Amino acid sequence: MSLLEVKDLSIRYADSAKPVVQNLSFSIEAGQSLGMVGESGAGKTQTAMAVMGLLPANAITSGSIRFDGQEFLGAAPDVLNRYRACRIAMVFQDPLTALNPYVRIGDQLRRILLEHKICKPPEARERTLVMLQRVGLPDAERQYGVFPHELSGGMRQRAMIGAALLGEPDLLVADEPTTALDVTVQAQILGLLRELRSQSNSALFLITHDLGVVAGNCDRILMMDNGRLLEEGPAKEIFAAPSNERTAKLIAAARRIDMPTKTSPLPDGEAPIVEVDNLSVSFRERYGSGKRQLHAVWPLSFKVAPRETLAIVGESGSGKTSLVKAILGLIPMRSGTVSYAGKKLPGLVQSRPNNIRRQLQMVFQDPVASLNPAMRVADIVAEPIIIHEPKKKKAEREQDVSKMLRHVGLGMELRERFPHELSGGQAQRVAIARALVIRPKVLICDEAVAALDGTIQGDILQLLQAEQADSGLSLIFITHDLSVVRQISHRVLVLYMGRVCEIATNEQIFKRPLHPYTKALIQSVPVPDPNAKPDDVPLAGEVSSILNPPAGCPFHPRCEYAVARCSEQVPALQSVVGGSVACHRANELDLSY
Amino acid sequence: MNYLAAIKPLIRKSRDNKTIVVCSSILLLIAAVALIGPLLSPHHYASTDFENPLMLPSASGWHLFGTDDLGRDLFVRTLLGVKITLFVAIIASCVSLGIGVAYGAIAGYVGGTVDAVMMRAVDALYAMPFIFFVILLMVVFERNFLLIFVAIGAINWLDMARIVRGQTLSLKQREFVDAARLIGVSTPGIILRHITPNLLGVVVVYMTLTIPQAILVESFLSFLGLGVQEPQTSLGALVNGGVSNMEGAPWLLLIPSIVLAVILLCFNFLGDGLRDVTDPKKKT
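As you go down the protein sequences, you meet chains A and B in turn. Each residue of the first sequence is one higher than the one before, starting from 1 at the first, in our numbering. Each residue of the second sequence is one higher than the one before, starting from 1001 at the first, in our numbering.
Just so you know, these hints were derived from the structure itself, not from any lab. One thing to keep in mind: the hints can contain errors.
Just a few of them, taken from the derived set where beta-carbon distance is under 8 Å, the chain B residues facing chain A [what the hints assert, rightly or not]:
| hint | residue |
| --- | --- |
| 1 | Ala1179 |
| 2 | Leu1182 |
| 3 | Val1185 |
| 4 | Pro1188 |
Straight-line alpha carbon distances no greater than 27 Å define the calculated BS3-like cross-link-like pairs of lysine-lysine that follow [unchecked claim]:
| hint | chain 1 | residue 1 | chain 2 | residue 2 |
| --- | --- | --- | --- | --- |
| 5 | A | Lys18 | A | Lys303 |
| 6 | A | Lys18 | B | Lys1013 |
| 7 | B | Lys1013 | A | Lys291 |
| 8 | B | Lys1013 | A | Lys394 |
Calculated from the model, a selection of chain A residues having no Cβ within reach of chain B, i.e. all distances over 10 Å [to be verified]:
| hint | residue |
| --- | --- |
| 9 | Ala59 |
| 10 | Gln350 |
| 11 | Ser370 |
| 12 | Ala540 |
| 13 | Gln569 |
As the structure is a computational prediction, the values presented were derived from the model and not from experiment. Ideal placement from N, C-alpha and C gives every residue a C-beta, glycine not left out.
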């Protein structure tokens, strides 16, 4: 008998006719790991909620979910509670909302043990401490007494996993456990899950949108789309020879960091269009009775050539967004200048002349938030024309809008819609249309595809690249996703705690990284190939707090190559063939692979 | 254009909300009767009839609500009271809407020192004891109908400004405002086209809740004898007149009080209904 057996499961909500999950059947054997993969709206989370008995009251279900012979669908809460925690446990996507903000971490875990009568109070504390240590919270005694907000995202997710594993469950359900985390931390968490499973032999039901995550961590895969099961089978078989057309498309859409780049070569010797010189950003923060400066970006310089795509990468907290916001004049810079086509620009966007303002445009991470909810699509796209070409007649303007919408691949029927009536991909196209309609020379994309599904990400990237080929647009592309960087960038700038680690060409970054941090970032990206066994966790630890930056090289506490000098002296950016690097040991280390 | 667009889904959702439909129908009906009724009645609100004071309500002679101590027809006077009360409330709310939204949106969007100075001014006005303020106004400028608008508007816009400022502070953090700055929209353009249309939901709800507040304040002032002047009247003044005849002719107190209560309840329920409709977290 299987550990978990789902048969003909359908879930539908009372207020809509369309089921969110339709006739889904699958099973998980003891000790096995099963990955469920699909884009948003595939019904993954609904399935997980059904398995845990957490569906909202207005959900209508049919079929059966049997765990170790016990029917879960429609079972009374006290029956389910006999199984939860001890036999089946869950890790949620967002550890901040899944943990109670008012209860200390240790108490939250201890309560699980007491609530489910797994052990007696004196022993509970002991077991909680042991668990916190096992999931890699250093100094478990101290972490026992902290509140969730005092931990970083990665540490919270570790605590969450610890909470799930306390009762030594036979089945661990993990719903997008690493989606909210940086790649480096994702690699740590996945490594932790692998390690813990090898010790305890519990089964894993891993739900994710990322084929790279399942490839290295699951024996079998369920491919989902639109509430239906597309295909099921051993990971290796599905990746090698998908039998379903849609599966094949999803697998093809998964970009791989080890694939060749798709950029067209740049002409040499053109004058840079954007020049950033010694730019730094700092925030003032009240500190005790006085104030102190927090440096988000240390003085740095770089240039962007016409038609070039510069990618800026780094973990969260590296200062990427502060950097581009300062370039655009949305936040003040502390020092330095930004020049456009050789001319120095005033610091803030309000004081920049309109004919230059239009040349620098931006596409934001959250497409829906970047569109005014009270404006229709056609008005959103028309607004820049009204401002920059006020003499244009209404009919002409309407024509421009229609042309632009077609250009970004949107149908005319969307003209009268409001942003909340659009899908994420459509909204991002509208945002791109708004930026491109005044024909800027530079487009800055802040995680422009991070919030979108894999297949749609590909479409948007293609659109941007086509635009670049057509009109000679320069792109500054902020992202944490190195597979995107690999695909579209000419040069890459690696930031760590507001300092440049390395600037180099795409080829060089991915073939011969010179900075240990660059290499760690690349190795953290999961490869969607079940044969490429995941390495050991490439980068331990987390970004140091900006409140208390380490002396010397900011990366030295996490660097495996660090020597005494690294903790004393900040490395200067030195020129090398094809770029620059800021590492004391750049000349002696060989990081290529 | 934007404003219309922002309010449309609100109207659509409001049509499905029973509370809103019922309350707004009752209010419209009362307003219609107040406008048309006096034209149909043979009596004038100021004409006295010392032969027939304190008459019981009766259909004969068309004294539907009876007469007061001066023999004036209470039906016509109640309708006049409704008209003036609603008028005061709506004008006062519009004043508070106009000043409050502009003030709050500018303070919130511009921020920094401007915000600090503007909001401290609001705090200072808050600290003024309202009734003393009104009595002072009355003493200095004599009793005047216009003063009531000034007095009520002067306190109501303070709340509106605070609420609008708070909303603006969170709206200006949103990415669409950054996007507007990048495409070159001027600061007034951002406030007019991007901030205020998105404030509409909150403002509409808040306004339906300030109307009953204004009505109460007006009634209170009239009850104290500081409001409208005879022979004009308002619901508050009528209630005041009813109190002095409470023992002999209770209908003089009851009828205006009931009308006032119905109007207040309807506005309050309307505000509650609109709040439900504009709350994105609540499914309707």
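Hint check:
1. Proximity of Ala1179 (chain B) to chain A holds as hinted, the smallest CB-CB distance being about 5 Å (cut-off 8 Å).
2. At about 6 Å, the closest approach between the beta carbon of Leu1182 (chain B) and any beta carbon in chain A falls short of 8 Å, and the interface hint on this residue holds.
3. Proximity of Val1185 (chain B) to chain A holds as hinted, the smallest CB-CB distance being about 6 Å (cut-off 8 Å).
4. For the restraint placing Pro1188 (chain B) at the interface with chain A, the shortest Cβ-Cβ distance is roughly 12 Å, beyond the 8 Å limit, so the hint is violated.
5. Annotation: proposed proximity of Lys18 (chain A) to Lys303 (chain A) is violated, straight-line Cα distance about 51 Å (limit 27 Å).
6. Taking the CA atoms of Lys18 (chain A) and Lys1013 (chain B), the gap is about 23 Å. The hint holds against a cut of 27 Å.
7. Distance check on the hinted pair: Lys1013 (chain B) and Lys291 (chain A) sit about 49 Å apart at the alpha-carbon level, beyond 27 Å; violated.
8. At roughly 32 Å between alpha-carbon atoms, Lys1013 (chain B) and Lys394 (chain A) are farther apart than 27 Å, so this suggested pair is violated.
9. At the 10 Å boundary, the C-beta of Ala59 (chain A) stays outside the reach of chain B, the nearest C-beta of that chain being 14 Å off.
10. Its closest Cβ contact with chain B, about 7 Å, brings Gln350 (chain A) to no more than 10 Å, contrary to its assignment away from the interface.
11. Residue placement check: Ser370 (chain A) does not keep its beta carbon more than 10 Å from all beta carbons of chain B (closest about 4 Å).
12. Every CB of chain B is more than 10 Å from the CB of Ala540 (chain A) (nearest about 34 Å), matching its label as outside the interface.
13. With 10 Å as the threshold on Cβ separation, the claim that Gln569 (chain A) sits away from chain B holds: the shortest Cβ distance comes to roughly 38 Å.
Violated hints for the displayed structure, listed by number in ascending order: 4, 5, 7, 8, 10 and 11.
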